[in-house]
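Student: Here are the chains, one letter per residue:
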Amino acid sequence: MDHSIEILLELKQISPFLSEMKKVNVFSVPPGYFTNLDQQILENTLTHSTLSLTSETHNRDVPAGYFENLAGNILEKIKKLQVTEPDELIEQYPLLYSLRKENIFTVPENYFEKLPEEVLGALNQGKVRTIGKTRSLWNYAVAATVTGLIAISSLLVTNTSSDNAAQNGMAKNTVPEYIQDSYQYKNEEAINEGIKELSSDDIIKYLEATANDTDNEAFASGVTEKGLPDQEEYLKNEKTLDTYLNQN
Amino acid sequence: MGAKAQEDEARKAEKIQALKIAFITQKLELTSDEAQKFWPVYSQYENDMKQLLLDKKNADVIDSDEGLLNIRKKYRPEFIKVIGQPRMNKLFNAEKEFRGVLLRHLQNRADNQQRPMFRRK
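Protein chains in written order, with my numbering: chain A, 1 to 248; chain B, 1 to 121.
Be a bit skeptical, because a hint or two may be false.
[Claimed, not checked] With a straight-line Cα cutoff of 30 angstroms, these simulated DSSO-like cross-link-like pairs (lysine-lysine) come out:
#1 K96(B) with K73(B)
#2 K196(A) with K4(B)
#3 K57(B) with K186(A)
#4 K23(A) with K12(A)
#5 K57(B) with K205(A)
#6 K73(B) with K196(A)
#7 K27(B) with K90(B)
#8 K27(B) with K73(B)
#9 K96(B) with K205(A)
#10 K81(B) with K96(B)
#11 K4(B) with K80(A)
#12 K73(B) with K4(B)
#13 K205(A) with K81(B)
#14 K57(B) with K80(A)
These are calculated hints, taken from the structure and not from any lab test. All values reported here derive from a predicted model rather than from experimental measurement.
Could you put together the complete structure from these sequences and hints?
Tutor: Okay, here's the thing in structure tokens:
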């Protein structure tokens, strides 16, 4: 076969070792191999000690109720196991070690009974907020009213003089004008200055009109500017006025 | 013009009244609280006094003196209630003092008027 020769030549170039190998069917089986195969397998398995299913294994039956109690037994064994505290845990994670038996997922007493009420309470607080909003509306309303009042009153004051007079009358009723006037005389000097502004006639008229003391009355009615003592005389002697009063 | 003169007269009287109140307020050292209670009482007392002066013209001198005392007695409890006994005593002295101050001013003016005359001589 030309074909096979060409392949052989190519194979020689690639791998001389393979090309020199004889063409033999490597998958050949001894004659009668498959006829005795099942027998041979059975013999081999029976004679193999580890894999043999001897009567011993059959005899070693599972105890009665073994599987029913298995889960319980396992749990019991786990519980019985003395869990020795690993030194590593104590040394390296003291906090975790102290927490190891604590239930950190506890909830305050009656927490879940109270929960609905608390939630409702929180909702009510939300309502209070809405009241606050209305309050701010109130502020605007009050501000608007005050502005309006100021505007109206200013109009009234400027437009109608009768209202103005009425206001003055009210002020007179609360504090008499002469008392308000008295506030400007803060000390004795101010009072003296105020008296200096008065005319002599006015003073004499006042003294006469209000003379309620016999001494003063005699003096006020009898006073004449020229008849009064000299100022120097008055300064020399404080009793000058008294002597003058007595003389009259 | 007559009405205006009257108004003028009232204004002057009011000014003297204001001076008197300032004077008494300072003499008695009234606080603003005390003043608020005191002046309405004093105002009533003054009205009674004015009435007494009007009636005085034809009255007996001793009777009118008695009337003055009676008015003061009438207002005594109220004055004591508002400003206390010691200051009530001071009150009537202050009234007199104020008249004295007015008189002193009159006197000074008379002196000032006289002096240039003396210098001319």
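Student: None of the hints should be skipped; say for each whether it holds.
Tutor: Now the hints, each set against the structure:
Pair hint K96(B) plus K73(B) holds up; C-alpha atoms about 17 angstroms apart against a cutoff of 30 angstroms. About 23 angstroms separates the Cα atoms of K196(A) and K4(B), which keeps this hinted pair within 30 angstroms; it holds. Between K57(B) and K186(A), the direct Cα distance comes to roughly 37 angstroms. Violation of the 30 angstroms bound is thereby established for this hinted pair. With a C-alpha separation of about 14 angstroms, the suggested pairing of K23(A) with K12(A) holds against the 30 angstroms cut-off.
The hinted pair formed by K57(B) and K205(A) meets the criterion: a straight-line CA distance of about 16 angstroms does not exceed 30 angstroms. Using a Cα cut-off of 30 angstroms, the hinted pair K73(B) and K196(A) is violated, with the two alpha carbons roughly 34 angstroms apart. In summary, the hint linking K27(B) to K90(B) is supported, as the alpha carbons are separated by about 8 angstroms, within the 30 angstroms threshold. A C-alpha spacing of about 21 angstroms is found between K27(B) and K73(B), which places the hinted pair at or below 30 angstroms, so the restraint holds.
Simply put, K96(B) and K205(A) have alpha-carbon atoms about 16 angstroms apart, close enough for the 30 angstroms limit, and the pair holds. Between K81(B) and K96(B) the CA atoms are separated by roughly 22 angstroms; this keeps the pair inside 30 angstroms, and the hint holds. At roughly 123 angstroms between alpha-carbon atoms, K4(B) and K80(A) are farther apart than 30 angstroms, so this suggested pair is violated. Proposed proximity of K73(B) and K4(B) is contradicted: the alpha carbons are some 39 angstroms apart, above 30 angstroms.
Of the supplied pair hints, the one linking K205(A) and K81(B) is violated, its CA atoms being roughly 33 angstroms apart against a limit of 30 angstroms. For the suggested pair K57(B) and K80(A), the alpha carbons sit about 129 angstroms apart, so the restraint of at most 30 angstroms is broken.
In summary, the structure is inconsistent with hints 3, 6, 11, 12, 13, 14 from the numbered list given earlier, while agreeing with the others.
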